[in-house]
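Chemist: First to last, the sequence lines map onto chains A and B. Under the numbering used here, the residue at position 20 of the first sequence is numbered 20, and the numbers go up by one with no gaps. Under the numbering used here, the residue at position 10 of the second sequence is numbered 10, and the numbers go up by one with no gaps.
Since the hints were derived computationally from the structure, they do not count as laboratory data.
Straight-line alpha carbon distances no greater than 25 Å define the calculated PhoX-like cross-link-like pairs of lysine-lysine that follow:
(1) K104(A) with K3(A)
(2) K57(B) with K9(B)
(3) K44(B) with K14(B)
(4) K57(B) with K104(A)
(5) K44(B) with K3(A)
(6) K69(A) with K3(A)
(7) K44(B) with K69(A)
(8) K57(B) with K3(A)
(9) K57(B) with K44(B)
(10) K44(B) with K9(B)
(11) K44(B) with K104(A)
(12) K104(A) with K69(A)
Under 10 Å between C-beta atoms, here's a sample of chain A residues computed to sit facing chain B:
(13) S41
(14) P44
(15) Y46
(16) I48
(17) H49
(18) V85
(19) I89
(20) K104
(21) T106
(22) G110
Note that the coordinates shown come from a computational prediction; the quantities given were computed from them, not determined experimentally. C-beta: ideal position from N, C-alpha, C; glycine also.
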Amino acid sequence: DAKTTQPNSMESNEEEPVHLPCNHSTISGTDYIHWYRQLPSQGPEYVIHGLTSNVNNRMASLAIAEDRKSSTLILHRATLRDAAVYYCILRATIPNAGGTSYGKLTFGQGTILTVHP
Amino acid sequence: NAGVTQTPKFRILKIGQSMTLQCTQDMNHNYMYWYRQDPGMGLKLIYYSVGAGITDKGEVPNGYNVSRSTTEDFPLRLELAAPSQTSVYFCASSYSFASTLANYGYTFGSGTRLTVV
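Given these sequences and hints, build the entire structure.
Modeler: Structural data, given as structure tokens:
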């Protein structure tokens with residue numbers, strides 16, 4: 001499985017933009033780049049995903065390098081509620097015995113984001 | 001719309017006991033997954049299902065069993081509980097992996113914290 005590398009931790013101030021980097025140099029052509037975040041004692045929450053082009057949604061933006069070997073999650077204005085562990089994940093396509101496939105998410109250790117008031 | 005519901009939220013088992021972790025989703029998702037998360041670690045896939053009647057093993061299936069009789073329900077069975085199964089268990093669901101929508105991802109439940117003593 002292709003792996004991702006993220007910084008262990010990052011800090012930001014409230015109301016400032018946050019850029020969370022992720023390296024995935026062994027990404028394959030069919031791997032989608034997913035970002036999830038996990039607040040303490042909660043399940044992971046989907047943030048954003050993309051394949052090749054940059055993506056925007058109400059939560060964040062995802063900037064994908066042209067060679068797809070790295071990506072950056074951008075939180076435009078950090079709030080205290082954005083403090084969480086952020087996971088950069090490559091979703092691999094795995095065939096199963098029935099002839100169909102499923103998307104496999106392989107979680108690493110993520111980046112702990114601390115937001116200061 | 002409740003999303004993914006897991007029960008119970010907490011459970012303490014004695015070594016050798018059995019239990020079933022329940023997972024229900026009301027989004028008509030065809031794919032469902034069970035993950036476990038050990039302290040300070042990312043999530044690891046236990047089992048997954050691509051539809052009613054179809055299940056397959058993930059990365060760490062030993063000691064667990066699943067069934068998928070309906071689209072909505074995907075219970076995880078622990079037979080002969082062991083201390084190594086002390087963990088937080090998350091159920092998730094998704095549509096087909098081949099989504100091109102920018103705001104689409106996996107929906108996780110809030111987890112079941114299991115302690116085996």
